[in-house]
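Q: Listed below, chain by chain, are the residues.
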Amino acid sequence: MAIKILSVDDSRTIRLIVGKAFRPYAVTLLEAANGEEGLVVAAREKPDLVILDVTMPVMDGVTMLTKLKEDPALKGIPVIMLTAESGRENVLQIARLGVRDYLVKPFKEDQLLEKVGRCVTLEKRPVVVAPA
Amino acid sequence: MTRTIQIPNICEFMSRHLVDVFETMLSMKAAPRTGEGAPMFEERVTGCVAFAGDHINGAVYLHLGTPFATRIAAAMLGLEPTDLGEAEVNDVVGEVTNMLTGGLKSWLCDSGAECAVSTPAIIRGSAFTIEAVPDVEREWLIFECGPDRIVVEIHVRIG
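Chains as they are written, first to last, in this note's numbering: chain A, 1 to 132; chain B, 133 to 291.
In case anyone wonders, no lab produced these hints; they're calculated from the structure. Don't be surprised by glycine CBs; every beta carbon is placed ideally from N, CA and C. Keep in mind that a hint or two might mislead.
[Unchecked claim] So, partial list: chain A residues that the calculated Cβ filter (under 7 Å) puts toward chain B:
(1) S11
(2) R12
(3) T13
(4) L16
(5) E85
(6) S86
(7) R88
(8) E89
(9) P106
Construct the entire structure; sequences and hints are all you get.
A: Listed below in structure tokens is the structure:
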């Protein structure tokens, strides 16, 4: 059964890059463009993992993460934060919020898969061979 | 602490960071060009992200010729250039500008100049100029990437 990963990012580019990385794997990718939408999708779909951008309009990643951790039904979902800012203070703030891991943009697909693979089991999609 | 932040340091950081962003996200080799004026693009896509804090504020502009911007978007999204519309190209150029400015923000914060960054904006066209307001220092960094040119324009006001 495919695992569910929720990508929350205001950049469609990043959501597409994340989707491209998981294409070979049995993953159902869910998307949201900000924290507010992300909370709605998380409550409805109960994803196995959330990949969460920090800086977004409407509701940023830090606020979404805080609300996620306050919700007994959602607080156990592992979260990997994506950030364009690698500064010490930023990284410390993210770590204090209880994320499983974080990834600094720019990132390579392999780095994303490695960090996700530490949180959930990624299985290759079965290859379907068409009958002759 | 902000005394150590000067335009040459910012340019030096940005030169390294742009090369890293293009290598990591696009598998493209960009190399700084010295002694070369900013190229005149027939048509260009410009990404802009502003930064502002108590001790420093400014903006980073990323100028790309439209055909090159389209190829960059295709490379980043794993699609053919012909499959892309303006919206996809704008989004990729905005995201690359965001990564450049996000890195600069981290460097500034680690140097003691806390600041925040805006969300990206895009300007498209062939005949526009960007004027700097008084007291703002402005620098251009030129990079070559194969036959194409990348221009980073940095506006900074310190203090």
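Q: Hint by hint, say whether it matches the structure.
A: Here's how the hints hold up against the structure:
no.	hint	result
1	S11	holds, 5 Å
2	R12	holds, 5 Å
3	T13	holds, 4 Å
4	L16	holds, 5 Å
5	E85	holds, 5 Å
6	S86	holds, 5 Å
7	R88	holds, 6 Å
8	E89	holds, 6 Å
9	P106	holds, 4 Å
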